[in-house]
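If you read the protein sequences in the order shown, they are chains P and U. Each residue of the first sequence is one higher than the last, beginning at 10 in this note's numbering. Each residue of the second sequence is one higher than the last, beginning at 14 in this note's numbering.
Since the hints were made in silico from the structure, they are not lab data. We put the beta carbon where it would ideally sit given N, CA and C, even for glycine. You can trust all of the hints, since none of them are fake.
Now the in silico label distances, taken between C-beta atoms and shown as ranges:
1) P/E39 / U/S34: 51 to 61 Å
2) U/F257 / P/P139: 35 to 45 Å
3) U/Q344 / P/A26: 21 to 31 Å
4) U/K330 / P/K204: 43 to 53 Å
5) P/K95 / U/Q344: 11 to 21 Å
6) P/Q37 / U/T247: 44 to 54 Å
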Amino acid sequence: MTEYANDFSEYATDFSASEMIVTAGARQLENKKVIFAGTGLPMVGITLAQLTHGPDIIPVFEGGAVGPTLNRSLPLSVGDSRTTSKANFIQGLNSSFELTQRGFIDVGFIGGAEVDPYGNLNSTMIGNFPENYMNPDVRLPGSGGAGDMSCSCTYTILIVQHELRRFVEELQYMTSPGHLDGSPDARKNAGLQGKGPRRVITTKALMGFDDETKRMKILATMPGETVESVQAATGFELLVDENLYEFEPPTKEEIRLIREDIDPTQIYCKR
Amino acid sequence: MEWTGLSPDDAREKLEQKDKSKRDKRMSLTEAVKEFVKDGDHVGVGGFVNSRPPVAIAHEIIRQGRQDLSLAFQSAGLVPDYLMGAMAIRPDHLSISRLEFAYVGHEYAGTSSMLRYMTENNKIVIEDWTNYNMSTRFKAGSMGLPFLPTRSGLSGDIEKCNRSQYIKCPFTDRDILLVPACHPDVGIIHVQEADIYGNCRIKGQTFTCPEMAMASKNVIVTCEKLVEHDVIATEPTRTSIPYFAVDAVVELPFGSFPGLCHDIHYYGKTHLEYYKGLTNGFRKGVVEPLREYFDKYVFGVKDTDGFIGLMPYEQLKYARQVESRSLHLQQGLQDPGA
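With the hints as constraints, model all of the structure from the sequences given.
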């Protein structure tokens, strides 16, 4: 096997939005790193990375499993028994988050219903906060472990649906802190550890954060998208990286792995 | 500080007074709930989302009916959705006044319609935390400490909705968050194995069950299988919860169904999604199907035997067969709900 099992010479022509996101997520992951993953597309992304360039990636799930191999089909929960297959170490939630707090977790994958320019996320409520905290317009499930990963992973990758109502200048509620107000040392001054969000992956773009202002910027547009179309779906002004490029579509091999080996029954990757 | 459940001083006092003898604690679930779950109790819910959820205990609480319960957990799905569903149907019979939690939902199967219904209609008091915050709160309780410091759940809006407190760390001079101990009146926990004294063996992830058990005033355990005490005593390092933390042991195979029980059975996906669908309908105004569900599956049966007896064998069989198997060995199994 070559060091890079993924053959980039042949791009797929037929792929879905979730397959694009998963591929983009997988490609952001470095081999040999410890990745804390939530339920859904991150599970597919980690497995895809393991089957291509990252065979030594170490997944951690908040229910308590460290370093498993997802060979019993995709877990439906981060507390699923499927997250424990061939695990190296299994305890519980305190243990998983102590590992995070201690600094063992390199990357955390998190999501939310709303994201702001500094990568802060809302997964708690839609409505006026704090006035309508007890009776919001829409109650979302709550932090779960996202608020913990965002506080203490070395860095985070955010996956958010790219819609105008979700990319907002001001959140209605801040569940998971990102770069806070973007001021220098904002995270450290607030008592947080880790460097905060590094990437935002959507169906329209791969984004990062400006080194100085910590505001979100477009690094690459997804196939078929332009800076204008990405900006049009965003409720705040995006910066554009000087080395802007068009993101490479999934390869035929990546799509084959997703469809045949990782998610054959389309639990998360709809076609 | 307004403590929910027991204050650290009360929790200590109650434990000093408790009978810690090694005695046979087997009883029926009906007796256990009657004795250890009272109106106004703060109930610690074991498991994590829909993994090892104490469904059978929740159903028995619903059958008997209680008022003004509050629930504390990190992440849960079926148990709060069953309790809130029962409250939505018969508030005079069962009521939940408060939730302290990090997440209510079903992950792959979507958000909780009952959480939405109860909060959006202002029927319940809520207090948001993170998963680690809630786990730390149970851990503080288990350690006999009034609080623990944590670097989670700070700097956003979560800390503004709960009873955590910032302090300047006296050693590093940096901000850090203190979360108060959680001492439930009763912890409800489902495990794979227990002996008659209450020694529990949890297989797979322990979630926050051991900490919750040690922090609670009383603990009801349901187990898939009662094991000989010798099994426990030959390998005591595998004991997850020691007997003197437990007050009632009830052997109840499928006691967390349609949730998952590690190494025993996978989710009862068909039934879980069926119930979830009824709660979605209820939130949108279709009330009767949810009422009929409770009449048939909870009020209409005497106990868990009755509930599991209503499950088609193919669903139970599939949940057993698909658990803890490689994808290769799962091939050819037919999901009865698919």
